[in-house]
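Residue numbers (this note's numbering), protein chains in the order written: chain A, 1180 to 1604; chain B, 30 to 623.
FYI, nobody ran anything at the bench for these hints, they're computed from the structure.
All C-beta atoms in this analysis are idealised placements derived from N, C-alpha and C, irrespective of residue type, glycine included.
Any given hint could be a false lead.
[Unchecked claim] Just a sample of chain B residues kept apart from chain A, beta carbon distances all over 12 Å, derived: (1) THR44; (2) PHE63; (3) GLN69; (4) GLY80; (5) PHE82; (6) PRO118; (7) HIS120; (8) GLY234; (9) GLY377; (10) ASN493; (11) ASP578.
[Claimed, not checked] Here's a subset of chain B near chain A, in silico, CB distances under 8 Å, partners left out: (12) ARG43; (13) GLN66; (14) ARG233.
[Claimed, not checked] Quick list of the computed label-pair ranges, beta carbon to beta carbon: (15) ASP152(B) / SER1231(A): 22 to 32 Å; (16) LEU1348(A) / TYR64(B): 38 to 48 Å; (17) THR74(B) / LEU1270(A): 30 to 40 Å.
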Amino acid sequence: MKNKRIRRTRSTVFGQDVGSRRHRPDYALGIISLILLSVGLVVVYAMSPGLSTLAQVEDTHFIYRQMLAIGLALVAFIIFARLPFTFWRTLTRPLIVVTLVALLATQFIGSGGANASRWVQIGGLSFQSVELLKFTLIIWLSGFLAMRQRNQELNDIQKTLKPIAIVLLVTGFVVAVLQSDLGSMGVVAAIIVAMLFVAGLSFRWMAVGLASVLIGGLVLIASSPYRQERVATFLNPQSDCLEEGYQACQALIAVGSGGLFGKGIDRSAQAYGYLPEAANDSIFAVLAEMFGFLGVVAVVGLFIALFTRMVRIIERAPNNESRLIVVGVLAWLSTQAFINIMAMVGLFPLKGITLPFISYGGTSLIFVTAAVGLVFNISRYTTYSVHDDMLSKRFLGKRKERRREDSTQRRRYGRTHYSHSLHRS
Amino acid sequence: MYEDNTNQTNPIARTRLWYVFLLLLSCLVLVRVFYLQVIQHDYYTSAARSGQFKEYEIPASRGIIEAHDGGRVVPIVLNEPKYTLFFDPLHIEDYQTTADTILAAVPSIAIDRADLLSMMQQDSRYVIVAKKLSEEKAEELTALELRGVGLREESQRAYPQGDLAAQVLGFVNDEDQGVYGVEQALNDALRGVPGELRAVTDARGVPLAANPENISVEPKQGSRVLLTLDVGLQKQLEDILESGLEHAGSDTGGALIIDANTGAIKAMANLPSYNPARFTEVSQEESHVFTNDLIASPLEIGSIMKPFTMAAALDSGVVDKNTTYYDPNQFTIDGATITNVAESSGVGIRSMEDILQLSLNTGATWLLKQMGGGEINEQARTTWHSYMTEKYFFGSKTGIEQGYEATGSVPSPVDGFGLNIQYANTAFGQGMTATPLQAAAAFAAIVNGGTYYQPRLVDAVSDNSGGNTQLIEPVVKKANIISPTASRDTRDLLLNAFSINYRTYGLDGLREGYDIGGKTGTAQVPNPEGGYYDYRFNGTFIGFVEGLDKTYVIIARVDDPSIGGYAGSTAAGPIFTQLAEVMIDSYGLQPKAQ
């Protein structure tokens, strides 16, 4: 008890000033994540008979593994939610080392899909090093950019942009070229771009960056016949339903045949061998087949609710570093979710990327949930400011909660106390 | 605030910009999903159905065929599982490895590696690689667990008795249709009614569990058929036929044994024949071996017609058994001359016995004249025609359970040129055709007192598992086709002819307690280009063997034998006598009380 009280009154954690006192976290964040995890579990469970028949494993194989992954993910969430976010910054260097080791291990002892190794087997579980890379990138970049922001060097070519460009190129080489994982590369790039954008990179540099990303993307596409086929397939999936466009066609059939209300939880036929990667990359299509347009609206709504909570935490982040962490996580989850969903409905040419929380597959699930745990932890330290209120009122506001957070900030900084009547006006 | 953002762009505004972008993106997604799921729903539903919904025929198990073996019943046609190996190219992961693995596991499938590879690349979901693989090979292939490689079980006929009775049985072709023989005639009963399953399936075609759209109709299994044949007797008949043909210097012929009092065929075979298990190996030119000539190939039956003419004359009352007549040894009718063979020639008073024993063509012609009141006229022709077609049932199918039964032909008594000479010829079996079975069935009626039993090959029909057996009773097609007296008198004449001529047929002596009677037939082989070959003859023999309680009619035909003498006597006769002895010695024909 004593300990707890003391901690609550402290404004520094691990020797760093977080600018705000610890308070009640954003429980909605955890609840939404839990619902999304449950949706994934239900879908995997419902398609389990088909999956296990095709893979020739026991009926319970997939559902047990998914439950194990969710269990581990919850443990990770609790750890990340309880450890102050500043803790991870102290681990930046070890994290970078571990990430590099993991990437190297993947390259030399890994296994994976078509002529690229993307994961390493650890025990019975496979580990995708790119997930660790995303996490490490966010931790490092948030600290790095916050430091540059403090020194007003954010738009400095030598000090800021050059190191980031090097990081981008190196990860690009590893992820996009060696692992041939363009989807994950897109997520990594989106994380970097979003963090730079929110950190305040000038629009001039943003334009240069976007242009180079576009050019880089085009070069990547042009350099690989495999990717060219992907693009061609995307532009006209029906033309090639038996070969390259097969997955795209089957995904559209799954989504389209779901209808308004869905076929029912036990009625997905596309999961029975028609739709490749039905439990992983294509799980959204199966979900759409089972639960229809209403189910899709619910799931997209849950993601938007999650993103909205994160946006609110970004707005109220106690400092730049924590803000940028949340920005990175939001970029990660939103890019990955939209790329996945848009690929399934024929709006985006990529595949081979998981749907956060829902796709079957341990690594993604655990890292995504851990990242949300990190954001959850940051939500304990949010502060309040005037311009937050507009957004709060418009989109999110719950006065009661807000007041509790406000009080922590008011005492700390001694600013004017805004009364409730002011908010109402 | 802790951070000084005054000189920097506002991170919150930028975040909101990004947030709006995310909201727009999610709107785009929802609009697109609405388009796919609601507006385009029907299109994708039908696309899904065409991919997922499959219709299957649930094959009915074809009924097996059994036969007698003495007092036992034994299977003569069974089913055994065979496997079709197919590719689903979409699911083949590695062409090279898959091809190598298949070739290593079952080298005997004898397909080029290159062919296998090209099959894997076909634009189809079902490419047949090999058919009729054995169960062992199928098991080996299944154990390989190759993706995109499947096996489909199908049933194939198996013949535990080898090629016994092949033509009577027929076979089942690749389309599961019986062709030739019993398989063709009873195809519907044997095959049953296939069931059907229309179901949503997984990608490999395995139906998914209960789905409201699934439709399943159970098959009605095929019936089991017990033939009248006795496999032991059939084997003996085939052996005797083979040695008989060899003895006669012929390669084509046939013989059958029918129970005169039930119409049940006890044995029936032709040579050359084939192995039904390997029917596919029979070439197009040799496909005539599939045909059961005894029922499908009518021929001019020749002098074996004379007992029929005699029975008709006796039955119509124009002669009796003891009638004698003046035989001028030749008749000229419509400008054509009817004569007798050299050994029988001579002018004089002839008896009814002489007509059959000496096989007098003039005698048969004289009998026909008597039906017309002394001359061949319309009355004679129509009377004789009605005997042939309405009592002996020449010219129409017997209804035997065989594919491709022929009718033969009997000339019209009122239409056509040279009717009188044509009808005179029919009196001794030329100018008309009949199948040996038609002759045997009618002959049975002549010797059994006048009852025409429908000839048949089926003794009983049961359900697929052998239960619910329905016995097939003898069917009287027509009673009293001739009077009992005419029947008895014709029998006596036949017994008399046989008792005088039996040595010609290779028999050493008559058997005490048994009645054996019969008549030879030697007919010129018709030339397909018209007329007859001068030195080519078909030999036939028809007769009966009777013990205490059974009478069997036996007919043998030998086509174009090279042995000397009259073909009916020297070629077909020995086959008859040997079969008659088999009936007495091996098939429990009890002697009559003395």
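Q: Determine which of the earlier numbered hints do not hold for this structure and return their numbers in increasing order.
A: Violated hints (numbers, rising): 1, 2, 3, 4, 5, 6, 7, 8, 17; every other hint is consistent with the structure.
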